[in-house]
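**Q** Spelled out from the first residue to the last, the chains are:
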Amino acid sequence: MKKCPIILYWLLLLVPTFVIGVFAFQLLRHEQERIDKEVRFSARDRARSIAETLQITVAAVEDGLTEALCRIHGNRLTETLLEWEESNPLLRNVFVWKPKVGLQYPVSGASATLEERRFNARYNALFSGRVPWQSAGAETADAVPSDTLVSEQPSLVRDIKKLKTGRQRLVSLAKGEGGSYKDRNMEAEEGSCKVGGWIPWFEENRLFILGWVQRQPNGLIYGVEIELMTLLSRLVTDFPATAPKGMVYALLDGSGQILHQAGNSALEPGLRPDLTVPLAPYLPHWQVAVYFVDGRLAAVSGKGFIILSGLLLAIFIIAIILGGSLLTWQAHRNMREAQQKTSFVSNVSHELKTPLTSIRMYAELLNEGRIKDPEKKEHYLRVIVDESRRLTRLVNNVLDFSRLEQGRKNYYLEELELTGYLREIVELHRLRIQEAGLALEVQIPEEKIVLLTDRDAIEQVMLNIIDNAIKYAADGGELVIALKVKNGKCEIRFMDRGQGVPPEHRSRIFKKFHRVDDTLTAQQPGSGLGLSITRRLLRDIDGDLLYEPRDGGGSSFVVLVPCRSHRES
Amino acid sequence: MKTIVNRKKVEWWVMVILILFGLCGGRYFVSPATAKAPGSGVDCRVEIDRSVLLEDGPQKVVIKVTLDAPPPPEKIERPAVNLSIVLDRSGSMSGQKLEKAKEAAIEAVRHLGPGDIFSVVAYDHNVRTVVPARSARHVEWIERRIREIRSGGNTALFGGVSQGAAEVRKNFRGRYVHRIILLSDGIANVGPSTPEDLGRLGAALIKEGISVTTVGVGTDYNEDLMTRLSQNSDGNSYFVESSRDLPRIFAAELGDVLNVVAKKVRVIVECPDGVRPLTIIGREGRIRGRTVELYLNQLYGGQKKYALIEVEIPGEKSGEEIHIASVRVSYENPFTQKSETASGRVSARFSDDRAEVNKSVNIGVQRDYQLNLNAIAKDKAISLSDMGKKDEAVSELKKSAGQLRYLGQKYDDEKLLNEAEAMEQQAEQIEEKGMTRKHRKSLRTDSYQMKHQQLSK
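Going down the list, the sequences are from chains A and B.
Numbering follows our numbering, with no gaps: position 111 of the first sequence is 111.
Numbering follows our numbering, with no gaps: position 395 of the second sequence is 395.
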């Protein structure tokens, strides 16, 4: 069998397949990168949108509180501030500071609460004048109404509308309008405060926010410290409730701690965000962060796409290779069978021709009447008869093969006394065996063994194996035919001292058309069907044919036949 | 010396209510003979630990301001409740705990009426509103939603409470009793998670009239955080060792919530010149000069809540009388939706007779004062134990137990003696086995319940 065409077919199949595969994969990779970028941009936009929403909320709260601070008037300013602090959850502390004098309220001392003492200590640098108020975030108090902020951010209108109710409520609370407390002293007073601002303050890495206004004409600074827990509690509810699959939005404080998160995955402490958007200037160092699960963008844009596409591509390539392989294998098989059939036809023709030549030659001699010697005549006639029988066997084999291949072979089961029948066949062929130069040794027990089997099939089996021995083991000079009963089966061994079957052919000698030497110049002609037919016949009647190398050289063919078969035809 | 002044006249209220309900078609009838009239008002009783003082120099006196809430009217519709249940559904809650918690939440909604508002928030590292604030009449739908809760990952307690508060705020304009019940079994690990931060959240919520009741399950939750949140928002606090008790706790808590007779209670104690407030025992409050301010969110029917204030008074001559404090109480009557007030005052007399002074001791005030000091000693023992000073913690508990026993024997007071015995046992157990998590939770919760006179335990 020539390998070159097959390799060529393979190359023709594989090279384009791999080229297509590589190109397709490159395209997929580019597509994946494009999707990744889009997901990243989209995540950044969403984070910005969240950040802007939070900033607007904080700005609105600050504006509301500033406005409320400006509206406080009357003689009991400090008392009003205190009452405001006690009723407004957005306020943690209130204070009154007099330039060049110092803090008027809350004063340090035994009567101060722990919170007031902490407040004084926290802003000592500011209240002692070491840090100027102006540089710490001053602006005109009424500079930025909250609605302006919204109109300046058209992209956020949708989000803001969604949050409108909650934010308005919060702003009302900041202004002191909607809460449980509404003070009669908090009414607008034109020009009462000119300057004010918001100061982000850090202590022990934590953010605090201080708002203040300077009142006229006394120049006193009134201020509040925002209760960050309240603010955060409100911001948390402004945060999206969910995040796209594989993504987590988080609100981080200045030290990177997660204050709140949305998304199905729990985040490990210390995990670095993939994207961040700062919340400065309203909440300095705070950030809105985006995490892609397991640090991979893939989980979001999924690499789902490239994995699925890659999988499909791989299936496509594998399908091509498998299909190609199957076709190649089928072609190879067909070629081999065609070759075997050609060889079979040649062999059968050769087989048929040999006895026919002998028959024709001896028949012509006899016909011409030139042979007068009666012994010679008898010899020629015997040769003609023998060759005719051989021809019959050959034709029977071919016919059997044909029937077996088409599944039309019929078996007629009958009781058969094996030992007697075996002896009969052996005796029938003894002469032929001996003429081939084989010393025949028969080891058949005396006892009778009755089988339910097909007589013709058994005869065909015997003939084929004996023929094989005559053809291939004549130089061994010995043929032993032994019958034993073993494990409920009759075991008939045909042992010779021929060259035996080479190991690489042992598994194939029972395949149809297979010959150890299948060339036309082989020493022995043959069709390659004998052993194949023999095994098929035996297996059809619940028996089997095995090959074993014989100790000391030679072959041993073992015919197994059930001793008592109840098989119906 | 105690003085009781109730500015609202009971008879007047009875008449008003009867007329009102007569106009409403006689749907309800109140028998003046069997029940206190609705909105009959909170009694304010002011006492000191001894009514006769020694004529010696400056001395400390303990003032006890007791707010005696009337039982709720029997046949008057109770104020509607706006309840949000915040459930921890972190991984540690999986199994029996979460199932019992869900069962308890379902039981709670079944106890509510159609006029009440109910919401459920469940949190792990995510916060999810399972039942948005809506009328409690949709019981079946709410039940179905609650049963769908599954356990998850970490514990975003702050976010959960914040979302619960947001749900409560949706019905802020209505005249409801606002309450959040928080249930958790673990350490908060997403968002602010220190007791101080959560305490400040609680303090902010009470300004909006929202109380947070905390229920800690098992021995792994942070009791400091939970009690601080309750304390600052004037809610209750429970330690539940076994999840089997959850339905009972929820029912008890709901019993309190449905029984509110006074809201937004504000107590102002004013002392005259010479009397100096020193400290408030057990409760959070503000001392500003000679004025002491306390804020309690709610009073339940039949409940007695008190505040203990230590003041320093100057010595006077024997026979002289001294005015020690005037108390003003303002609150909102949830039945009438009107603000009401109550007041009281207390004074004492000086004597040079020590026996007379001893005889004037008010055992009730002394007992509560001592029990509150004992609660503070428990907190101190926890702090010492946290610092690794187990022996000092045990010593603190034993010292407090000794003081309780001394006073118990002195005044032949069974309650003090029982508490002394319980404290001694706890001290011995801690001495033997160390401060286990169960001991710590038990001490913290007991201390909180004592300082806040929690009804349901």
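Be careful, since some hints might not be right.
Stated by the list, open to error - Only part of the chain A face toward chain B is listed, based on derived beta-carbon distances under 10 angstroms:
no. : residue
1   : Pro89
2   : Leu90
3   : Arg92
4   : Val236
5   : Phe239
6   : Gln460
Everything labelled a hint here was simulated from the structure, so no lab data went into it.
Ideal Cβ positions, reconstructed from N, Cα and C, are used throughout, including at glycine.
**Q** A separate judgement is required for each hint: does it hold in the structure or not?
**A** Verification of the hints:
About 4 angstroms separates the beta-carbon of A/Pro89 from the nearest beta-carbon of chain B, less than 10 angstroms, and the hint is met. The beta carbon of A/Leu90 is positioned within 10 angstroms of a beta carbon in chain B (closest approach about 8 angstroms), and the interface hint is therefore held. A hinted interface residue such as A/Arg92 counts as satisfied when its beta carbon comes closer than 10 angstroms to some beta carbon of chain B; here the least separation is about 7 angstroms, so the hint holds. Interface restraint check: A/Val236 against chain B, minimum CB-CB distance 4 angstroms, threshold 10 angstroms, status holds.
The beta carbon of A/Phe239 comes within 8 angstroms of a beta carbon in chain B, closer than 10 angstroms, and the hint placing it at the interface holds. The interface hint given for A/Gln460 is violated, since its Cβ lies 75 angstroms from the closest Cβ of chain B, which is over the 10 angstroms cut-off.
Against the hints set out earlier in the document, a violation occurs for number 6 only.
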